[in-house]
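2 protein chains.
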Amino acid sequence: MKLDDFLQGKSEWLKGEGPKSSIVMSTRVRVARNLNGRLFFNWADDKQREGTLEAMLSALKKSELLKGALCIRMEDTNMLDREFLVERHLMSKEHTLDVKYKGLVIGDKEIVSIILNEEDHMRLQVLQSGFNIMEAWRIVDDIDMELGRYLTFAYSSKFGYLTACPTNTGTGLRASVMLHLPALQITEQMENVYEAISKLGLTIRGFYGEGTEAFGNFFQISNQVALGHSEMDILDNLERVINKIIIREEDTRTYLAKHKKQEITDNIFRSYGTLKSARIITSRETIKLLSSVRLGVDMGLIKDLDTGTLNELLLLMQAAHLQKTSNMKLNAQERDIKRANLVREKLTGG
Amino acid sequence: MKLDDFLQGKSEWLKGEGPKSSIVMSTRVRVARNLNGRLFFNWADDKQREGTLEAMLSALKKSELLKGALCIRMEDTNMLDREFLVERHLMSKEHTLDVKYKGLVIGDKEIVSIILNEEDHMRLQVLQSGFNIMEAWRIVDDIDMELGRYLTFAYSSKFGYLTACPTNTGTGLRASVMLHLPALQITEQMENVYEAISKLGLTIRGFYGEGTEAFGNFFQISNQVALGHSEMDILDNLERVINKIIIREEDTRTYLAKHKKQEITDNIFRSYGTLKSARIITSRETIKLLSSVRLGVDMGLIKDLDTGTLNELLLLMQAAHLQKTSNMKLNAQERDIKRANLVREKLTGG
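Chains Z and C, in that order, are what the protein sequence lines are. Numbering-wise, the working numbering comes out as the position in the first sequence, counting from 1, plus 158. Numbering-wise, the working numbering comes out as the position in the second sequence, counting from 1, plus 158.
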């Protein structure tokens, strides 16, 4: 498997299927792990960093569950590749910089990815389409258990798993759910959601995670605290809260379909029309319009389109993806033109 | 011929053909005439008004050139009919009010219309598609001459034709050309055009004539003065100035096609996409978008559409037309929905 193959195959989490996929785009669960007896990455010297990377890579090779996974040393990649991986939600922005001794493992269909020597020695993440916290956790847990046979993780009976940043200490667990909440946004209920979320020990973020703005009505909700609760408690709490938000979004969509049908329909079809017509388009506008069209698909107003295609577009229209697809460096204006062409082709079939 | 028949047949000036029809939508020439020995309409009493109307109607019946024309007494029409006639540029807004003793004659294909007992006893106008001042004048002149055989017009050897308002005295002539100048507007050259126009004894107005705003890049240019020059001088001057504006617009379009191709194309196709997609649309937005699409047709970017269809839409999407077409009274919101449906059907063919 090569990096460029990802451009062809569809990743599992983009399918646009799975429970509640009309509102939940994807679910991500990750655990942070560090090797016992080895300094945290940022405290270690070059030799220790290399040693840690080697130890992890050799353990990963033994894994049955990760058979066939792509193992990458970040220094063998160029910047465009790395931005491409960030855009696919397979690793963090930080992992694109100071790439020496850093690595990434990507499993079949991009369900599993393992970030090596970022802040923690190992961050194991699983992405699933739709609202699938428990299934994602099951996969994480299985791989975590298996890797535990070949590696000894830093663990304290008092604190749990030890991590570079104390916010991850304990379970090392972060579960995030990417929600599409256009109805709550349109009816100005997101303020309430933000308030409730923060009281319940959860955080809400934008499309690309920490520190990013919410746009196109996509919101990522995840647990704030990893310590003092069991994994099951953390996941249960998140699942419970998100279920409530989903119901609220569903109810509001029903309300809109009943009382604001014309306005909503107008807005949706105008967005669809613009996506099918534009010759120059920024990523920000594209996301906003795709969000509107997605609502149209979910409400049954647009029938000639599926959520999978919209997810694929959300991914492919990004800067690094556009450049990898067209196999050349593109400036912002060139990207806006390429993006418009791509969107038009996907939506009009020619 | 009945009023409602106009909804079916296309009027001559909407064909989107004729000289320079990519820039000049239509040409209008009218003369103001009053009957000798009869008081101007606004000074006359009811009996005199009725007498003037009768005298004109009986003369018009004798006309060979107006054979088969539709003769309307305004009091036999309802308000919707009258607004409909204004929207078709067949009479003025003023002619919809205080309708007693007022009349309107409409010739075949709406080329000729004669407004009876408005400010002047008679205003004879001819509408042509494209840039056609001399042809329009020829038709006006022929009818004027013929009617002069049955009616004696108020005429002074010193002033020429006498009219209710001194701005019309002399020739009684006003020639107007409706221009579509998107390139001059986009490149912010209209300020210069306005300045030049006023220095040359011409005026520039919006889509619906006197006192209306220019929108959708449509501008109506006409002569200001009717006195002190012969008809030919007035028409020559207007033709000459407009020819210069046309060349300027053409050159600017060529410039845009060369240097701003992407931006212009993007704007045009977005406009087209919105017109084909919207479910609610105001008349103002429709005109703006139709203007953009028209430029696309004229620049050869949009190939599946002709100017005639765009002209027809400009007419049919107006408030009174929408209500006559759907045979019911509609409020603003209902019209915006009907308008969107109409535009979509015309442009997508279903």
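Do not rely on the hints blindly, as some may be mistaken.
Note that the list lumps identical chains together, so a pair holds whenever it fits in one copy or between two copies.
[Said to hold, decoys possible] Subject to a maximum C-alpha distance of 35 Å in a straight line, what follows is the list of computed DSBU-like cross-link-like pairs (lysine-lysine):
1) K419 to K205
2) K205 to K178
3) K487 to K419
4) K482 to K416
5) K402 to K482
6) K219 to K418
7) K205 to K461
8) K416 to K205
9) K504 to K461
10) K416 to K504
In short, the hints are calculated from the structure, not lab data.
Query raised in the report: Which hint numbers doesn't this structure obey?
Result: The structure breaks hints 1, 2, 5, 6, 7, 8; every other hint is satisfied.
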